[in-house]
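> As a plain string of letters, each chain reads:
2 protein chains.
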Amino acid sequence: MRELKERILKDGCCLEGGILKVDSFINHQMDAGLMMRMAEEFVRRFKGTEIDKVVTVEASGIAPAVMVAYLLDVPAVFAKKKVPSTMSGILKSEVFSFTKSRSYNICISDKYLTKGEKCLFIDDFLANGNAAAGILDLASQAGAEITGMGFLIEKSFQRGGEMLRSKGIHVESLAIIESLDNCEIRFNE
Amino acid sequence: MRELKERILKDGCCLEGGILKVDSFINHQMDAGLMMRMAEEFVRRFKGTEIDKVVTVEASGIAPAVMVAYLLDVPAVFAKKKVPSTMSGILKSEVFSFTKSRSYNICISDKYLTKGEKCLFIDDFLANGNAAAGILDLASQAGAEITGMGFLIEKSFQRGGEMLRSKGIHVESLAIIESLDNCEIRFNE
Chain A
1 MRELKERILK
11 DGCCLEGGIL
21 KVDSFINHQM
31 DAGLMMRMAE
41 EFVRRFKGTE
51 IDKVVTVEAS
61 GIAPAVMVAY
71 LLDVPAVFAK
81 KKVPSTMSGI
91 LKSEVFSFTK
101 SRSYNICISD
111 KYLTKGEKCL
121 FIDDFLANGN
131 AAAGILDLAS
141 QAGAEITGMG
151 FLIEKSFQRG
161 GEMLRSKGIH
171 VESLAIIESL
181 DNCEIRFNE
Chain B
1 MRELKERILK
11 DGCCLEGGIL
21 KVDSFINHQM
31 DAGLMMRMAE
41 EFVRRFKGTE
51 IDKVVTVEAS
61 GIAPAVMVAY
71 LLDVPAVFAK
81 KKVPSTMSGI
91 LKSEVFSFTK
101 SRSYNICISD
111 KYLTKGEKCL
121 FIDDFLANGN
131 AAAGILDLAS
141 QAGAEITGMG
151 FLIEKSFQRG
161 GEMLRSKGIH
171 VESLAIIESL
181 DNCEIRFNE
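Same order as they appear, the protein sequences are chains A and B. Mapped onto the working numbering, the consecutive letters of the first sequence carry residue numbers 1 to 189. Mapped onto the working numbering, the consecutive letters of the second sequence carry residue numbers 1 to 189.
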């Protein structure tokens, strides 16, 4: 998606270790208009896909997910990274974060991810695909089906995209970054 | 807001200790259409208020905040509950959560909350007003101004609303709950 790529070149920052910082418009401060246009692009790309619900992970997946859900007129649910004290009947999966070098749990109430539901997973980044794998695990525990996965930004030099596509999952990423070597942002054309 | 009150009566659950659970449509699973209509209601109620930016706290404030920001065509920023390793120049404030009986920090980059900015704070719940007080503290550190505060649900039997209104802040809550005694939901008319 051209607008997103141009914005990444304009406002994204490369940090050491293959980290792309987009916190001025995606995951801390958010450009709400861009979020809506990215949601519209997902709706175009997943046209024809059965979607009963949009699933994401807190916190930075919530904004694009709720906008996609709004456009599709379906509910959205976000996996929590802490098990809330007021929640029972929890589906849980462990996710390893390379960025933070530690594991965390993601969880969804078994009331909001259920057998037979067809779900579109939306998240901000696809890198090693660990959060996506955690969601696949939760869906499998629930008997739900992930009919597609949409990411704002994919780093194709990490393994997540390959891993998900090799499982036959329909993956769409709005900007695919091939390399961040020498702190230069290079897109996959 | 009538639609929200009816939905709370239909799908909200009372738990011991004055807790109202709305995780089937607000803060775990989200009704995206309702979120947009609530955002439209905030825009109506804050018509005439100067707003350069919408501010919220992760995670459950993000969905309504980003929709208000979309409608107003301004950016949104969410305070994080953990200090990210890739962030420098951080404004930080300690918030005590009665629900969880513990304190946590909220933080915003000093790049995204700046001197002179006029901000509308949006959050899902107003109870004791501790998160709101934390945001006022961050804004004061930044030299920004909170020109209004909008909450989906206010519990008027707790002190937050009184505390904020006594400071002269324009507070709007879409559903005000007067009592949850005996697990019965009673609205303020």
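Calculated from the structure, these hints are not laboratory results. Some clues are possibly wrong.
Derived pair list, reagent style BS3-like, types lysine-lysine, alpha-carbon separation capped at 30 Å [to be verified]:
#1 A:81 with B:47
#2 B:82 with A:82
#3 A:10 with B:111
#4 B:82 with A:5
#5 B:81 with A:82
#6 B:82 with A:100
#7 A:100 with B:92
#8 A:5 with A:100
#9 B:82 with B:10
#10 A:21 with B:81
#11 B:100 with A:81
> If a hint holds in the structure, say so; if it doesn't, say that too.
Results for each hint:
With a CA separation close to 36 Å, the supplied pair residue 81 of chain A and residue 47 of chain B exceeds the 30 Å bound. Restraint check for residue 82 of chain B and residue 82 of chain A: the C-alpha separation of about 13 Å stays at or below 30 Å, so the hint holds. Distance hint between residue 10 of chain A and residue 111 of chain B is fulfilled; the C-alpha atoms sit about 16 Å from each other, no more than 30 Å. Under the criterion of a C-alpha separation no larger than 30 Å, the hint pairing residue 82 of chain B with residue 5 of chain A is consistent with the structure, at around 28 Å.
At roughly 12 Å between alpha-carbon atoms, residue 81 of chain B and residue 82 of chain A fall within 30 Å of each other, so this suggested pair holds. About 12 Å separates the Cα atoms of residue 82 of chain B and residue 100 of chain A, which keeps this hinted pair within 30 Å; it holds. Of the supplied pair hints, the one linking residue 100 of chain A and residue 92 of chain B holds, its CA atoms being roughly 20 Å apart against a limit of 30 Å. As the CA atoms of residue 5 of chain A and residue 100 of chain A are separated by approximately 25 Å, the hinted pair is consistent with the 30 Å bound.
Restraint check for residue 82 of chain B and residue 10 of chain B: the C-alpha separation of about 34 Å exceeds 30 Å, so the hint is violated. Taking the CA atoms of residue 21 of chain A and residue 81 of chain B, the gap is about 18 Å. The hint holds against a cut of 30 Å. Distance hint between residue 100 of chain B and residue 81 of chain A is fulfilled; the C-alpha atoms sit about 15 Å from each other, no more than 30 Å.
Consistency with the previously given hints fails for numbers 1, 9, ordered from lowest to highest.
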